[in-house]
Amino acid sequence: MSEAVSALSGASYDGIVRVADAGLQGMIQLRGNLGKAAVKNAVTGVTGVDFPAARQANVNGERGILWMSPDELLVLVPYAEATQAVETITMALKKEHHLAADVSDARVMFSLEGEGLREVLAKLTPADMSRAGLPVGEMRRTRLAQVAAGVWLESETSARVIAFRSVAHYVMGLLTHSAQPGSEVGHF
Amino acid sequence: MLILTCPYCGVEADETELSPGGEAHLKRFGPGSSEEEFEGYLFMRENPKGVHFERWRHAYGCGKWFLAARCTMTLEVFGTYPAQTTEPPKKIRDAISAKRPGWSWGDFK
Ligand SMILES: [Zn+2]
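Quick note, the sequences are listed as chains A and B, same order.
In case it helps, the numbering used here puts the first sequence at residues 1 to 188.
In case it helps, the numbering used here puts the second sequence at residues 189 to 297.
Derived by calculation from the structure, the hints in this document are not laboratory data.
One should not assume that every hint holds.
As the list claims (entries may be wrong) - With a cut-off of at most 30 Å between alpha-carbon atoms, the simulated BS3-like pairs for lysine-lysine come out as follows:
(1) K94/A x K297/B
(2) K95/A x K252/B
(3) K40/A x K252/B
To be verified - Selected chain A positions facing chain B (in silico; Cβ < 8 Å):
(4) S69
(5) R141
(6) A145
Treat the numbers as computed from the prediction; the structure is a model and nothing was measured.
All residues carry an ideal CB built from backbone N, CA and C; glycine is no exception.
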């Protein structure tokens, strides 16, 4: 069996904030009717977190549920459990029209740690990165420069970014550049 | 810069997070239609200076298509609404009438 590695093998950079490849993370894309109890039960069952309200990110460690659209969730579980979690969800939803796909190896997750993360991200996205614009715990799908990304803050000094694995180097370059010492703006 | 609120996910999306989809409320004319109707469906557009209705897709976001009413001259946005509608809802028309009394667009006013 081949050894699974995250897109950037844990690369990191210390600047205004610490930017790092967050490592292997199980991610399951789930599309379906989010109003159905079966769907809610299936995803809360494999993650142990509450079902999120619209645009919320309910995350506890490596487990969580990200609200991606009115009919889409990204379910987070430990990497080693992703395959089993897809089976569990599929079994629970066999009577519901849905799609559950293990996208763990098709995505990359970054962690941003430090005081300046709002402005490091604000240089790259048109999204409102103020405290009112993106409160802690709110999921924001947007773009970072030229590629799609999902962003949420776990606290004022910790954020997560998810992007397609194919653009992992590009996003790392963006975040590294944006976090260069001396490039502080001090807007927020 | 144009900011439109996606009616599906509620995100205030920047123009660069959206894909433009051209004019809204087009009626499709396909097989069996006259040449004039087909030409109108394919090519004839309102292109107004003022109140306009457009399709947009929240591409860097929830991915949904929605409709927007805005002013092409001032970039003022009157409102956004779901794509599953064949004409602007009353709320949107009222919002336009409040700002642009006597407006008309195609068959709508
Ligand atoms: Zn949206």
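Going through the hints against the structure:
no.: 1; hint: K94/A x K297/B; in the structure: violated, 48 Å
no.: 2; hint: K95/A x K252/B; in the structure: holds, 25 Å
no.: 3; hint: K40/A x K252/B; in the structure: holds, 22 Å
no.: 4; hint: S69; in the structure: holds, 3 Å
no.: 5; hint: R141; in the structure: holds, 5 Å
no.: 6; hint: A145; in the structure: violated, 10 Å
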